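Student: Read top to bottom, the protein sequences are chains W and A.
Residues in the first sequence are numbered from 1 upward in steps of one, following the numbering used here.
Residues in the second sequence are numbered from 1001 upward in steps of one, following the numbering used here.
It should be emphasised that the hints constitute simulated quantities derived from the structure, not laboratory data.
Note that the coordinates shown come from a computational prediction; the quantities given were computed from them, not determined experimentally.
Just to be clear, a hint being listed does not mean it is correct.
As the list claims (entries may be wrong) - In the DSS-like style, the derived pairs of lysine-lysine whose C-alpha atoms are separated by at most 30 angstroms in a straight line are:
| # | chain 1 | residue 1 | chain 2 | residue 2 |
| --- | --- | --- | --- | --- |
| 1 | A | 1009 | A | 1113 |
| 2 | W | 115 | W | 2 |
| 3 | A | 1113 | W | 115 |
| 4 | W | 88 | A | 1009 |
| 5 | W | 97 | W | 115 |
| 6 | W | 88 | W | 115 |
| 7 | W | 97 | W | 2 |
| 8 | A | 1113 | W | 40 |
| 9 | W | 88 | W | 40 |
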Amino acid sequence: MKEGDEIPALVVTPDRYLPHRYAGASGDFNPIHIDPAFAKSVGLPQNILHGLYTMGLVARAHVAAAGGDPRRLRRLSVQFRGLAIPEKEITVSAAVKEAGGGRVTTSASARQAGKRIIRNGEAELRLD
Amino acid sequence: MAGTSLIGKAYPAFEYEVGKEKIAEYARAIGEQERVYFDRGAARDAGFRDVVAPPMFAVVYSAGALTHALFDHELGVDFARLVHGAQEFDWDEPVCCGDVISTVASVDDIAEKAGNGFFTLGSVSTNQEGAGVVRGTWTHIVRGT
Chain W
1 MKEGDEIPAL VVTPDRYLPH RYAGASGDFN PIHIDPAFAK SVGLPQNILH
51 GLYTMGLVAR AHVAAAGGDP RRLRRLSVQF RGLAIPEKEI TVSAAVKEAG
101 GGRVTTSASA RQAGKRIIRN GEAELRLD
Chain A
1001 MAGTSLIGKA YPAFEYEVGK EKIAEYARAI GEQERVYFDR GAARDAGFRD
1051 VVAPPMFAVV YSAGALTHAL FDHELGVDFA RLVHGAQEFD WDEPVCCGDV
1101 ISTVASVDDI AEKAGNGFFT LGSVSTNQEG AGVVRGTWTH IVRGT
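Could you put together the complete structure from these sequences and hints?
Tutor: Laid out in structure tokens, this is it:
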């Protein structure tokens, strides 16, 4: 990987019940993620995805780009923006900002329906 | 909003024992397919002690420690207006099935910007051998504080 290279994009469409499975897996049962009526009662259009699920996709894309070895992902930093919802395609993309000395730093984001749902992502991979 | 005197406050350690099926459940939710997350033989062939957790499994074993901080009445976080603003993890030793991970959360920063409250919590997780596994920075925004 060299400066300017894109890592392979990860494209995922979480199904309607993904937030329920992620809630069980993560332990975060905040009703804004799993109860559409509750979500609407607090002004959201519907139940929304967990931000940390979307960050999990960003991590998954980077580990895949590093050959599938989770030890190679050393750092990941993201900002959550906007609302991500189930049943709409999400695209994770990242480009190499710096490469050298066995380390690669990327600039990463995730988009859904043309809007950034993760911005200012930065990942560090160790490739030695 | 809470006074900045709480900056530096640390909460009791939270211990989490990592199980094989919990790793698999988390990995499936994220859509992971790498065999090292599911198959003991594949994980050992890759040099791990046992089935290894995806890096972001950090949220699973850290959650209990963060809960100590978020539910601190002194901090006074209003959950109805709470938004997860940003997150960072710095990983060290990998986490495998059978590990006992101890996580300590602390208040790193409290600030007000443009009418919103920013609560930045830090977490440090170590394994049963005392080796560092991850450091987390959790930025929560309370809208309209």
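Student: So, for every hint listed, does it hold in this structure?
Tutor: Here is how each hint holds up against the structure:
1. A/1009 to A/1113: holds, 21 angstroms
2. W/115 to W/2: holds, 27 angstroms
3. A/1113 to W/115: Holds: residue 1113 of chain A and residue 115 of chain W sit about 24 angstroms apart, inside 30 angstroms.
4. W/88 to A/1009: violated, 41 angstroms
5. W/97 to W/115: The given pair, whose Cα atoms are some 22 angstroms apart, holds under the 30 angstroms limit.
6. W/88 to W/115: Holds, at about 12 angstroms.
7. W/97 to W/2: holds, 8 angstroms
8. A/1113 to W/40: Measuring from Cα to Cα gives roughly 27 angstroms; hence the hint holds.
9. W/88 to W/40: holds, 18 angstroms
Figure legend: structure checked against the earlier numbered hints; the only hint not met is number 4.
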